[in-house]
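Peer 1: Chains as they are written, first to last, in my numbering: chain A, 102 to 477; chain B, 3 to 307.
Treat the hints as calculated values from the structure; they're not laboratory data. By construction, the Cβ of each residue, glycine as well, lies at the ideal position given by its N, Cα and C atoms. Check each hint, because a few of them may be wrong.
What the hints assert, rightly or not - Beta-carbon label-pair distances, calculated as ranges: (1) A/Q465 <-> B/L169: 29 to 35 Å; (2) B/K21 <-> A/L462: 50 to 56 Å; (3) B/L169 <-> A/S367: 34 to 40 Å; (4) B/N73 <-> A/S469: 36 to 42 Å; (5) A/E318 <-> B/V235: 44 to 50 Å; (6) B/P243 <-> A/G232: 55 to 61 Å; (7) A/D435 <-> B/E135: 30 to 36 Å; (8) B/Q232 <-> A/K468: 35 to 41 Å; (9) B/Q232 <-> A/A390: 35 to 41 Å; (10) B/E104 <-> A/K296: 51 to 57 Å; (11) A/A470 <-> B/H231: 37 to 43 Å; (12) B/I85 <-> A/Q465: 35 to 41 Å.
As the list claims (entries may be wrong) - With a straight-line Cα cutoff of 27 Å, these simulated DSS-like cross-link-like pairs (lysine-lysine) come out: (13) B/K281 <-> A/K468; (14) B/K300 <-> B/K271; (15) B/K171 <-> A/K420; (16) B/K300 <-> A/K453; (17) A/K453 <-> B/K171; (18) B/K300 <-> A/K468; (19) B/K213 <-> A/K453; (20) B/K111 <-> B/K39; (21) A/K468 <-> A/K428; (22) A/K468 <-> B/K131; (23) B/K168 <-> A/K453; (24) A/K420 <-> A/K453.
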Amino acid sequence: MKFRGLILGCMLGGFLVPLLPGCALAQATPSAFDHVVEAATAARERDDVPQAIGLYSRAVQLRPRWPDGWWFLGSLQYETEAYPAGRDALTHFLELVPDAAPAWALRGLCEFETGEYSQSLTDIQRGLSLGAGKQAHDETILRYHEALLLTRSGDFEQALQEYAPFTRSKVSNPELLVGIGLAGLRTPLLPRDLKEDKRDLYLAAGSAAFLFMSGDEAAARQEFQNLFQRFPTASDAHYLYGLLLFPTDPDQAIAEFRRELEIAPSNAAAQLMVAWDALMRNDFSTALAYSEKVMAEEPTLPSARLVLGRGLVETGDVKGGIDLLEKELRLEPDNFEIHLALARAYSKSGRKEDARRERLLCLQMEKSATNHEVRR
Amino acid sequence: MGRAIELPGENPTFKAHPKMTFRRGAYAYLVETVGDKTTYTVTDGTNTLSLPIRWSFGVGGQTWILEYQGNLYDSLVSYYPAIDGLDITMGDERITPHTLEEAMGRELKQGETKACFGCHATNAVIDRKLTLESMQLGVTCEHCHVGANAHLLDALQGEFASVPPKLRKLSTEDISNFCGQCHRTWEAVLRGHFEGEINVRFQPYRLANSKCFDGADPRISCLACHDPHQDVVRQDSSYDPKCLNCHAASTQPASAAARAGAPPCPVAKANCVSCHMPKVNLPGGHLAFTDHQIRVVKPGEPYPN
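Throw the hints in and build the complete structure from the sequences for me.
Peer 2: Now the structure itself:
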C-alpha cells in the first residue's frame, strides 16, 4: 500500500508534531515519572521505537492524565503497525485533548487498519473538519482514506468528489485507479477486498474516469469505449460515463444512462439521473415516474427523496412534496439542493416568508461556495 | 419574441444599414447587404474571409451565425442599436484573435448551438438533436403553446376557447419558471454563478429577489406587466396601475387586505418604475436592461446581487 509508506515516513515529521501540547510540566524535584519521561524522550530521539513505546507506557501508568505520553505512545504504536494499541492510546489522548485534529485523524487511520470502518470514517472526517488536512500531503492521505471509506459505505458520488483533487496532478497509480473504479462502478468494497479476477475491470473503469476527471476528455472517450468493449455486460460502466458527462453535455449523458438501463434495467442510480435531467428540463411527469421507480427499488439512495419531492411539487402535490423535502432537510440541513427545492415549493404555495428565507439562504450558500472556489 | 431569429432578407437593420464597418487591432470588418444577401467580411489586409450571414439573433442587439467549413460560428462582431453600429460581441471581449478565422467568430460547440436555437427558434431541437430542417424562426406560438398547431387557426380567428388552458392556470412562481426556460430561472442563475450586473438580464431571478414578489399572487406575475404576444410597453406610466394594485394609498380602491404589508410611496404618485426599476448597463455598455428587483434604490449603492 503506497499511502502507508507515505504516512509512515512523514506522519511524525510534518503532520503531527505541530499539534503537540507543549510540555508544561516543569516540576520542582525530579520524580520517578520525570526519569521515565527523560528516558522515553531519549529513546524516541534515537529512533529506538520499541524502547520508547515501553517507556511511554510506563509514564502513562504513573501519570494517566499526561496527554503527551498518550500521544507519543499512540503515534509510535501506529508507526509500528500496532493498530489496536495505537487506537486505544489515542482514545486516552482524545479524552484529555478533545479538539486535537491530528489525533482524530490518526485514530481514524488506526481504525481503518483494524477494520472498524464506520468509526474510522467518522474520525477521519472529524479530524479533517477540525483542520487535520492543513498540509497538502496530510490532506492527501486523509482524503484518500475518506474516499475509500465513503465508497465502502455506499456514498459513491461523494467519494468521486473526494478523488477529484487527485486527478489534477495527473499522476496516478493502480491502487488509486482501482479505488476510483470502485466508486465509479458503485461497488461498496475496499480495493484490498476485491477479488483478483475483478481487478482488471475496476482498473480499466478507474483509468477512464481518471482521464476524464483530469480534463482529457478525448482520451477518456477512447478509454470508455475500450471499457465497454472489454466488459460489455459490466453494470454501472455506462452510468459512470454518463455521470461524468452530465454537467457539460447532458444530452450525451442521458444517452449513456439509457444504455445503462438496457444492460441493467433496474439500476436505480441511472434512473435517478434520468429523473433529475427530466426535472431540469421541465418534463415533470417523466421525472415523477422515474423517481417513484427509484423509491420503490432503492429508497435509501441519496437524493432519491429530493428528486421525488421535487417531482411531487411540480406535478401538483405541493404539500406531499414539501413534507418529503422538509423531512430530508432535517437529515441534511446544509444540502443546497434541498433548500433550492423548498424555496420553489414554498413560493408556489404562497408561503412568501418561508420562500424568502430559503432564497436568501441559497444566495448565501452560493456566495460562500464561489468565494471558496476563487480562493482555490 | 417572434423575431428572436431572422433571415438576412427580412432584417430591417440590414435594410437600413447596407454597409457597416468596424476595425479592431489588425482586423477590419465589413457587413454588406445586397438584395436579400448579407455578407460578413473580415480582412487583415493580406487575406480576406467572406461568409454569408445565415441567421441574425436578437432584434435589438444582433449577433450573426455564420457557417464556415461545415461548422457554425457566432460572429465576433455584433450590431448595437445604442451606438447604431458594430462592436465586439458581448462576452467575446477577452478573445484576442490570432488568425483570420478566430477574428471572424467563435466556433459554437454542439451543445451550445442546440441551446441557442432552442431558445431563439421553434422546433429547432427535436429529440435532443439539432434539426435545422424543421426549425421555424423565432419564438412562435407553438414554442409556448405545446401542441398548439391545431388550435392556432382558431386563435388567429379570435376563437380563444380552444387554446390549451394550462398556461392561464399557472401560479406566479410557475409563470416565472415558464418564462425562465429562456429568460433563465432563479435557480438557473444561481447554478450558473452569474454574479454582478450581468444577471440583470435574467428577470425571473431579479423579480424573485424583490420584496414585492409573492409566488402565489397574480398581481406580480410576468403576465401582470407583460403580454407575451405584444412588444414590450415602453411607457413608464403605463406600469403605475400594476404597482398600485398592491401599493395603493388608502384613498384608492384596493381593499385593505390587498394592501397588507405593501405601503404607499412617500415620494411620488406616478412613474413608479422610473425610480424603482432602474435601467442597468451590461458590461460593454451597449445594452441596458430593466432591473426587475423592484426596490428603493439608494444613490451610490452597489448593484445588489
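Peer 1: Please write out, lowest number first, the hints stated earlier that are contradicted by the structure.
Peer 2: 7, 22
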